[in-house]
Amino acid sequence: MSPLFPLPARLLHWLMAVLILAMLVIGVAMVGSLADYHTLVSAHRPLGILILCLALIRLAYRRRHPAPRLPADLPAWQRVTAHASHVALYALMIGLPLVGWAMLSAARYPIVLFGPLVLPPIMPASPVLYAALRGLHTVLAYGLAAIVLLHLAAALMHGLVRRDGVLASMTGWRQPAHPAPDAALRR
Amino acid sequence: MSLLDQITGGAGGLSPRAVILRLCAIGAVTAASASGFAYAGGWLSPGRLTPERMIDGFQEVNGVHPGFRRNHAKGLCVEGRFESSGAAAGLTRVRMLAPGVVLPITGRVALAVGTPDAADAAGTVRSLALRVRLADGEEWRTGMNSLPVFLVRTPEAFYEQILAGKPDPATGKPDPARMKAFFAAHPESVRAAALINARTITSGFADSTYASLNAYRFVAADGTETPVRWAMVPERAPVAQGAADAGRADPNYLFDDLEAELRRAPLRWRLVVTLGRPGDPTADATLPWPSDRKTVDAGTLVLTGTAAEGPGNCRDVNFDPLVLPDGIAPSDDPLLSARSAAYSQSFTRRAGEPKSPSPVKDPPVQGAAL
Ligand code: HEM
Ligand code: HEM
Numbered sequence: 000m001s002p003l004f005p006l007p008a009r010l011l012h013w014l015m016a017v018l019i020l021a022m023l024v025i026g027v028a029m030v031g032s033l034a035d036y037h038t039l040v041s042a043h044r045p046l047g048i049l050i051l052c053l054a055l056i057r058l059a060y061r062r063r064h065p066a067p068r069l070p071a072d073l074p075a076w077q078r079v080t081a082h083a084s085h086v087a088l089y090a091l092m093i094g095l096p097l098v099g100w101a102m103l104s105a106a107r108y109p110i111v112l113f114g115p116l117v118l119p120p121i122m123p124a125s126p127v128l129y130a131a132l133r134g135l136h137t138v139l140a141y142g143l144a145a146i147v148l149l150h151l152a153a154a155l156m157h158g159l160v161r162r163d164g165v166l167a168s169m170t171g172w173r174q175p176a177h178p179a180p181d182a183a184l185r186r
Numbered sequence: 000m001s002l003l004d005q006i007t008g009g010a011g012g013l014s015p016r017a018v019i020l021r022l023c024a025i026g027a028v029t030a031a032s033a034s035g036f037a038y039a040g041g042w043l044s045p046g047r048l049t050p051e052r053m054i055d056g057f058q059e060v061n062g063v064h065p066g067f068r069r070n071h072a073k074g075l076c077v078e079g080r081f082e083s084s085g086a087a088a089g090l091t092r093v094r095m096l097a098p099g100v101v102l103p104i105t106g107r108v109a110l111a112v113g114t115p116d117a118a119d120a121a122g123t124v125r126s127l128a129l130r131v132r133l134a135d136g137e138e139w140r141t142g143m144n145s146l147p148v149f150l151v152r153t154p155e156a157f158y159e160q161i162l163a164g165k166p167d168p169a170t171g172k173p174d175p176a177r178m179k180a181f182f183a184a185h186p187e188s189v190r191a192a193a194l195i196n197a198r199t200i201t202s203g204f205a206d207s208t209y210a211s212l213n214a215y216r217f218v219a220a221d222g223t224e225t226p227v228r229w230a231m232v233p234e235r236a237p238v239a240q241g242a243a244d245a246g247r248a249d250p251n252y253l254f255d256d257l258e259a260e261l262r263r264a265p266l267r268w269r270l271v272v273t274l275g276r277p278g279d280p281t282a283d284a285t286l287p288w289p290s291d292r293k294t295v296d297a298g299t300l301v302l303t304g305t306a307a308e309g310p311g312n313c314r315d316v317n318f319d320p321l322v323l324p325d326g327i328a329p330s331d332d333p334l335l336s337a338r339s340a341a342y343s344q345s346f347t348r349r350a351g352e353p354k355s356p357s358p359v360k361d362p363p364v365q366g367a368a369l
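In order, the protein sequences belong to chains Y and X.
If you're matching positions, the first sequence starts at 0 in numbering that gives the first Met the number 0 and goes up one per residue.
If you're matching positions, the second sequence starts at 0 in numbering that gives the first Met the number 0 and goes up one per residue.
Bear in mind the hints are in silico, worked out from the structure with no lab data behind them.
Yeah, the Cβ is synthetic: ideal placement off N, Cα and C, and Gly gets one too.
Wrong hints could be hidden among the right ones.
A short, non-exhaustive set of chain Y residues, derived as facing chain X with CB atoms under 10 Å [unchecked claim]:
id	residue
1	L18
2	L20
3	V27
4	L33
5	D35
6	C52
7	A83
8	A87
9	S125
10	L128
11	I146
12	V147
13	L148
14	L149
Pulled a few chain Y residues facing chain X out of the computed Cβ check, cut under 10 Å [as the list claims (entries may be wrong)]:
id	residue
15	V30
16	P67
17	P70
18	P109
19	G134
20	L151
21	R162
A short list of chain X residues far from chain Y (calculated; beta carbon distances all over 10 Å) [to be verified]:
id	residue
22	D55
23	G89
24	A97
25	A180
26	W288
27	A350
Please construct the entire structure, taking both the sequences and the accompanying hints into account.
Here's what the structure looks like:
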């Protein structure tokens with residue numbers, strides 16, 4: 000049976016999973032809605048910045064507490080894909096909010112979080128820069144959505160089909176060891 | 000080993016049937032999640048009026064003028080200051096309206112036209128947009144029109160109205176039947192049009208009153224909320240547009256007059272805040288509030304100069320009516336969120352387009368000054 004991720008890592012993971020799914024839904028909903036645009040974009044900014052902060056905390060935590068190793072029988076290409084998708088997820092959890100913040104800076108909007116709390120600009124004012132970053136925000140957001148779906152499918156594959164303890168290492172549910180003959184190889 | 004075997008990893012002792020079932024379940028969960036995004040994004044309801052379609056509507060009627068606003072396309076930057084009287088300080092906690100506060104202001108006067116090179120005309124709606132930067136990064140932006148009420152109540156009605164004004168390719172003029180059909184479907188717009196047509200058209204930008212039209216809420220330090228509408232009322236007595244002005248040859252005469260005025264002396268407007276009472280319509284900009292509502296003179300706007308639109312000035316600002324400081328909050332007027340969304344879409348499009356100079360020059364190339 001795989002060891003579990005430490006509890007703080009699991010809590011951060013599931014909190015951020017909910018936030019990121021919510022942000023993707025809020026993002027696509029707000030740009031298509033006249034009626035709810037303001038309410039949604041007012042939630043989008045602070046939640047996005049919250050994701051940025053949590054991602055940085057999580058990255059720092061992960062450096063001190065490495066993830067449990069993947070099962071030894073996992074084919075190399077899946078190992079590489081898993082690793083690459085995790086790197087991409089971290090890069091997007093940090094990069095996407097930064098692009099959001101930067102694009103609003105370039106467009107000279109005040110980056111209001113709530114009440115009188117406003118973030119300072121991190122990019123010089125420039126419409127050209129804004130237009131480029133605004134396009135990038137969309138591309139990265141859709142990229143994140145695609146990787147999240149892949150991540151979801153892979154997690155379910157581990158949990159329902161391979162039943163190798165990888166999903167359990169994040170859910171924290173102890174699965175009974177299944178009777179696969181090579182179970183002894185797994186960690 | 001086949002790819003499927005590699006993926007399922009021998010499936011931990013599951014029967015082939017169980018593996019297939021579980022694979023299907025995983026596919027279904029993933030597809031359902033993807034559809035969730037599609038649903039949230041409105042891709043499953045293509046008929047809905049979105050910010051994109053709204054701005055497409057402007058482009059359909061006016062054509063695309065790269066780099067220019069999709070509405071209020073013809074404009075001129077202005078600058079000056081705001082001097083708070085403090086009279087509204089009990090109604091809102093925004094520091095800008097505290098006693099004795101003076102803040103620099105930038106803004107834009109414009110005509111509510113979709114083409115930057117339309118000739119100035121007396122009957123065209125004039126606008127004044129302002130941007131005030133407060134301490135700690137907060138801002139107040141407002142866009143006001145020289146109207147007593149707005150013509151439409153909802154963004155959907157606005158869209159219908161723009162398209163009804165689309166010139167018929169055969170005649171080059173809007174089809175009167177379409178406009179008639181629009182008004183037949185919108186009795187609130189018929190009532191608003193009567194008020195709008197009865198307004199006094201003044202001689203120019205300098206003596207026009209610019210109104211927020213949409214309602215907002217002032218939030219006081221103790222959290223008390225007051226529904227408000229505001230207007231910039233010129234200190235100078237307005238002069239009705241004379242017959243002589245109607246035939247002016249200068250296609251930019253309204254802008255050129257303002258430039259000439261501001262070169263001579265600053266112009267002043269009072270920020271008049273009208274306080275709504277319970278029951279006053281806040282979600283319907285076609286309806287005026289009763290004329291006996293209390294007003295507060297919150298301060299004075301002093302415009303001191305103009306500049307042609309160019310890099311880094313008012314050209315590159317989105318006067319989003321929902322960029323508000325703490326102490327001023329939106330009302331339930333559906334136009335407000337729709338404006339914010341549509342202006343963002345217009346701004347995003349024009350920000351990425353190549354720019355060309357505005358036909359409104361500073362100093363003017365034609366007209367009074369030459
Ligand atoms: C993980 C964090 C984030 C996610 C997942 C996310 C996702 C999205 C998505 C899916 C869209 C719609 C894209 C489109 O269809 O064009 C969007 C738009 C937007 N996002 Fe984000 N975003 C994040 C962070 C941020 C942050 C931190 C800010 C600002 C501080 C921000 C500001 C915006 C704005 C202003 C828009 C577009 C509004 C408009 O065009 O009118 N986002 N975002
Ligand atoms: C749903 C209704 C409305 C739509 C779709 C709409 C659309 C637009 C658009 C697309 C722009 C150009 C924005 C930019 O690119 O920066 C604009 C500018 C403007 N609109 Fe509206 N508008 C609406 C209602 C109103 C109302 C009720 C007012 C009332 C005062 C108003 C006042 C202005 C002003 C003053 C500007 C010019 C701002 C500037 O000089 O940059 N609009 N409008």
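Are any of the numbered hints broken by this structure? If so, which, sorted upward? 1, 6, 7, 8, 11, 16, 27
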